[in-house]
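Asker: One-letter residues, chain by chain:
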Amino acid sequence: MITLQVLIVFMIIAAVVAVEIQDLLSSVVSVGAIGLALSLCFLLLKAPDLAVVQLVVEILVLIILIRATMSRDTKGSERMRLFPYVAGIVFISVFTFYGYAVLNGIPEFGHPVMKVSGQYIKHALVQTGSANVVMAVMLDYRVFDTLCRITILLTAAVGVLTVLRRESRKKQEEVKTDGK
Amino acid sequence: MGNDNRQVTEIRGMSLVVKTVARISVGMILMFGVFTAFYGHINTGGGFAGGVIIALAMILMLVSYGRDIFTNRFDEYKALSFLALGVLGFLVLMSLGLFVKDGYFCMNIFDKGKPFGLISSGVILPSNLIVLFAESAGLLTIFLGLVYFKVWKGK
Amino acid sequence: MIFIFVIIPILTAILLTLFNKLDRRWLGVVTSAALGVNLVAAFILISKLAGNGFQPVVYKLGGWTVPMGILLVADGLTAFMLVLINLISMICAVYSIKYMDKFLDEWKYFVLFLMLTASFNGAVLSGDIFNMFVFIEMGTISAAALIAFDTAPEELESAFRYMIFGSAAALFVMLGIALTYAYTSTLNMADVAVSIVLNKNVALISFITVLFIIGFFTKSAVVPFHFWLPDAHSSAPSPVSAMLSGILVKVLGLYALTRIIFNVLGADVSAVLMAFGVVSMIVGGLLAVYQKDIKRLLAYSTISQVGYILFAFGLNTQLGFFAGLFHMFNHAVAKSLMFLTSGAVMYATDERILDNFGGGLRKKMPLTSITSFIGSMSISGLPPLGGFWSKLLIVIAAVQSGKYGYALIAVVVSIITLSYFIKWHKEIFFGELPEKWSNIKESPLVMLLPMIILALLCAVSGFLLLPGISSNFLEPAAKVLSGGVEYGKTVLELAK
Amino acid sequence: MTEYILCFILFCIGLYAVVIKRHIIKIIIGIGIMEYAVNLLFILIGYKHGAGFPFIEENMKVMAGVSMVDPLPQAIVMISIIINLTVVAIMVALAVRIYEKYGTFDITKIKRLKG
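Residue numbers (the numbering used here), protein chains in the order written: chain A, 5 to 184; chain B, 28 to 182; chain C, 467 to 962; chain D, 66 to 180.
Calculated from the structure, these hints are not laboratory results.
Small disclaimer: the values here were computed from a predicted structure and weren't measured.
Each hint should be verified, as a subset may be incorrect.
[Said to hold, decoys possible] Here are some of the chain C residues that sit facing chain D, going by a computed Cβ distance under 8 Å:
hint	residue
1	Phe596
2	Ile607
3	Pro619
4	Leu622
5	Leu931
6	Leu958
Cβ atoms here follow ideal geometry from the backbone N, Cα and C, with glycine treated the same way.
Extracted from the complex, chain A is given alone in its bound form (with noise of 0.2 Å):
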């Protein structure tokens, strides 16, 4: 699909002027771009829940990356090392080389092997009631991961005000009275 790989290319150009660009604010707005694209992959790929979950976490995720660099935005003092940078560009050509030999192995794009969510598309209505069978696997057959999924959140959420909160050791003196 032309629309489809055109897109790619787009989000492939954004994600290297946000690799690229010195000034902190413009990176940050590209990786907004790259997010905004992907969504509009999603729905050409016929994925619409994926759309709107991920083109909504997007401007969240934008908010929280402009939050951080809002008030210090230092231009990024980058003197280019060389060793670093020749392993790196090896490394990823070595990665894409193996990657384009073997992806032969995969169904081609377009015909994936449906073994077991052609069970789900026959049986979801029936079993589950739900139309949205994207709903009904993420709800009913696999609701294990949903659970798992919150408590991740929760984790972060008492991780993020943990590693945000104001003092954390007590006074020395008020150790001393309480560890008496």
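With the hints as your guide, set chains B, C and D onto chain A.
Answerer: This is chains B, C and D only, laid out in the frame that chain A set:
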């Protein structure tokens, strides 16, 4: 004299135009979020998208009206306890399957109802609502944590 | 009923967030009670397994058959790991009741601690690749937040570095899962194993194995990817670094690696595992000798001991797996004992640089010095203690499979281990007491009790080799690993 | 096939940013790009030419096995998007705190830890 009261209204949050637009659009965004969650098992969205949308609506209010609308009545620990209640509700909903005769842990034991009606897919609708509640509380906690950190540094 | 291993810690964590005004002692007591229940359940699971001849116990979540729903599988290897995880996390929870009185907001610590344990139990139990990935992600997030618990500059930086390595490794694993799903279009481990045996495309399987190996080597801190471990372990609170080096490196790294490589993909990677194992043995040992910080020295010795275990697994023989698992048990017990004792020393003296200790602490802290001596000698392999038996078995397995050079290296590295642990003890405990440590007292009882239990375990773990005990604790775990791809067939029949 | 290769290239750009860049926010952006690439690869695998949205409409004869896109990767990517959000949130929290303590975003200058 004249500009004193104008000055007072300007202190917190963004300009007046942003505030009025935010005040008008927040109701619609909240309704859209709840609608996505309620009809999750019929058309797109579901508890997850709805939760994030509602969290974004609250963040819109937070950003446009400044931090003080939340500080005294609602802080991130109250939001965290809402999240914990949401996860607890989801756990209880999942463990209902255990009390059925030969049920398993995450079993969908409610009746499946009319295929395309609103009350139609057993446990999926209530779990969508609980995820909506937990998701928005969780994301709000994360955002309040990030925003309030700046306030402490300021004081 | 095996989902209770995951649900009990999550439930207690939720209750602790709701009632977080509790006093610190109550929080610690509730946490260790929950983990104690888990430990008892792990022993019950072992007796149930021993009852029906170590057939895996299978729990179909939601009542769905295999390819449709998620499966929880508990076979010999899982039961062994469950006992190890819950034993050490309960002891660390008891230890952290007193250790945490220097910190504010203890309830956040205990919530994250319970989530960390829930993620270990879940990763070990789940029979579904993506479900294991979700638990690995939960472990990474809660471990990063725990490392940054005492928000000093070093902790924040090492937590950030750990988070970069952890999420990059998780993304490599996710890429591997995507390609396995594209090839076999199922996510259940047993189903993948069976369908890979049917039509084997060697090129693709080797690429997927490389992806998994990169991801799990970063998780288990094997040499080229070990840069996060010394910072993370030296700056985390002591009970957390005991959990990290005792269990996180073994469960999220080694267990997941062996389960996916041997049981699911069935790839023949023994040469790669052996090479990386030997390299990380040597590098970990050598770097540990020059360390000044007491916990950083223990962190580097963890890297070299993980190299031992990886080397034992790389031998790909029944005795190799048996020795590797036995060494994993001994090292987990002894290394967490060492981290707890170093925590007790830091709790009393607030000093962590080896040089300005001046030694002689054993007069003031006799029990701590005895237990830490037992722990360090068990790791470096003094005869009566457990570490000696497992290292001996590793050397025998290496000699049996004809790897004389590697066996010699293993012996040399264990001598290096002995040297830096004796240096560790000479600096802290032996010698005469300088006057600045004159007013310190023995560590409190709540911290001493876990240390004594772990020291007894170190001494007693030699008896694990007795035919009676080892036949239903270590033997089935080694059989599962050496069984390789039969795991898929047995689980599929059971879950029909 | 070309879509998979383009997705691999996007993954490698993210990997490049994480390995090479020294600025903390650039590293977080690199992790974000890698997450986008993995999610995209999952959905590319689940796509089927000429297949409809994974919903069952009223009149559709489901028994005839009418062709739909693969719903399983969509459920998995829905879960992994929010996990990526939490990972970015924790890394940003750490970055904000590191900036407040060290005063710089450059990871090489933050070398208080030796050895």
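Asker: So, for every hint listed, does it hold in this structure?
Answerer: Results for each hint:
| no. | hint | verdict |
| --- | --- | --- |
| 1 | Phe596 | holds, 6 Å |
| 2 | Ile607 | holds, 6 Å |
| 3 | Pro619 | holds, 4 Å |
| 4 | Leu622 | holds, 5 Å |
| 5 | Leu931 | violated, 37 Å |
| 6 | Leu958 | violated, 19 Å |
The earlier numbered hints that this structure contradicts are 5 and 6.
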